[in-house]
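A.B. asks: Given next are the chains, with one letter for each unit.
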Amino acid sequence: GENVEQHPSTLSVQEGDSAVIKCTYSDSASNYFPWYKQELGKRPQLIIDIRSNVGEKKDQRIAVTLNKTAKHFSLHITETQPEDSAVYFCAARYSGGGADGLTFGKGTHLIIQP
Amino acid sequence: NAGVTQTPKFQVLKTGQSMTLQCAQDMNHNSMYWYRQDPGMGLRLIYYSASEGTTDKGEVPNGYNVSRLNKREFSLRLESAAPSQTSVYFCASTRGGSQTEAFFGQGTRLTVV
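Top to bottom, those sequences are chains A and B.
Here the first sequence is numbered in my numbering, starting from 3 and rising by one per residue.
Here the second sequence is numbered in my numbering, starting from 203 and rising by one per residue.
Since the hints were derived computationally from the structure, they do not count as laboratory data.
Note that the structure is a prediction, hence the values are computed from the model and not measured.
It is possible that part of the hints are untrue.
Unchecked claim - Here are a few chain A residues that face chain B, going by a calculated C-beta distance under 10 Å:
#	residue
1	G3
2	A93
3	G109
Here a beta-carbon is modelled for each residue, glycine too, at the ideal position from N, C-alpha and C.
Could you build all of it, start to finish, from the sequences and the hints given here?
C.D. replies: Okay, structure coming up:
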């Protein structure tokens, strides 16, 4: 099955600076890579996703890049704000072996320092 | 539009007790999932149902059973709860096929003592 590694586990940045979270995946058949934001005590919510036929996608201050050859993808948040503080999860969708569903990384706790 | 609704939100069980976590979605989604979330472990797939009438094991199915009652509802049952099953459980749904965005319920915090 798929295996997703996420780094770093904790990231502290000054308000206004950029934050980058990186993930690698193992299954070359994976073709969908979402990023979820989870605030304390809340459900995960999709913030951006990318498919394997695209190298980069942007949505205002958030961007995701995908390198299929190296099997890694990254989340970039620019001009960070206090409300960006949360745990971020990357995920990959695998479709082999009759299984379905997302495989998640272990999460990155992003702390925005005022 | 409620999206994905889980019940209960909190539950405390004694070791050996059984219980069923309920999940319902009103988005006419085909696929439904149960995940557990443990500190530092991310979300791990327990079981999923690609469509009404089908269920399959995920990464951590031991100690759990599921039922896809109809297109809307997907329940998770713990037959004999163990302390290792203390976790936050999330139900999710997707339209299925190439439509892969997952919508999550609000979670059930389960403690087994």
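A.B. asks: Indicate, hint by hint, whether the structure satisfies it.
C.D. replies: Hint by hint, here is what the structure shows:
1. Contact between G3 of chain A and chain B, as hinted, is supported at the beta carbon level, the nearest pair being about 7 Å apart and thus within 10 Å.
2. Evaluation of the A93 of chain A hint against chain B yields a held restraint, the C-beta minimum of about 8 Å falling below 10 Å.
3. Interface hint status for G109 of chain A: upheld, as the beta-carbon distance to the closest one in chain B is roughly 5 Å, under 10 Å.
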